[in-house]
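Engineer: Sequence:
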Amino acid sequence: MAEDEITPLPAPQEPAWGAIGADFPLWQAKEAMAQIEKRIATQTTTLGVYETRATTLLGWLSAEVIATVTATLSRLVSTAPGNLSAAAVVAMALSVLIPAATSAFLLTRVFTPKDWSAGGADIGWLVASDMTEPSELEVLQAFAQAGAVGVTTNDAALHAAFRSLTLGWRWFLAVPMSALVVSLFVLAAVR
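Going by our numbering, the sequence shown opens with residue 5, and the numbers climb by one from there.
Hints in this document: simulated from the structure, not taken from any laboratory.
Any given hint could turn out to be false.
[To be verified] Cβ-Cβ distance ranges computed for the label pairs, FRET-style:
| hint | residue 1 | residue 2 | range |
| --- | --- | --- | --- |
| 1 | Met181 | Asn87 | 21 to 27 Å |
| 2 | Gly128 | Thr156 | 17 to 23 Å |
| 3 | Ala20 | Pro117 | 25 to 31 Å |
| 4 | Ala84 | Pro117 | 15 to 21 Å |
Cβ coordinates follow ideal geometry from the N, Cα and C atoms, glycine included.
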């Protein structure tokens, strides 16, 4: 390239504003649907996580209950001498079983049937809709409105599931503390 040649500069480009004017409402409806789909996918994943945690805790609770019932029955039917009365053995067992049952009740509420939205609108509505001269925009707006209601419904279901999971977890944590406190009182009374 010779020194006296001038390289032309690229012409300034107009900024890309995306959909504007009459095209904006259609873009807006499509974007709303995309955001609703992402939100519902996240909500569904979150519900699955809550259910997995509840299942894990229920597994631990079942082990605690089986061990407690087995130990209690074994002690009650045992002919071996011991310092504990049947009432003391039952009291110690109940110190595990009552908080465990409360925890299990709360944790199983995570699995109760829910009013849950999978997104979009009723397919039957799409097929049977008798809109006069419908447009893609109108249909997408109707889907987005239904999807927004679904997101709100799912949020309420997630809140209820989280509350049950949290309360169930707290009662789960109370099991060993309850057993310890009652056992200490029983053992102190025996001495």
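Engineer: Compare the structure with each hint and give your call.
Structural biologist: Tested hints:
1. With their beta carbons about 24 Å apart, Met181 and Asn87 fall inside the hinted range of 21 to 27 Å.
2. For Gly128 paired with Thr156, a C-beta distance near 22 Å keeps the hint of 17 to 23 Å intact.
3. In this structure, Ala20 and Pro117 break the distance hint of 25 to 31 Å, their C-beta atoms being roughly 47 Å apart.
4. Between Ala84 and Pro117 the beta carbon distance is about 49 Å. The supplied range of 15 to 21 Å is therefore violated.
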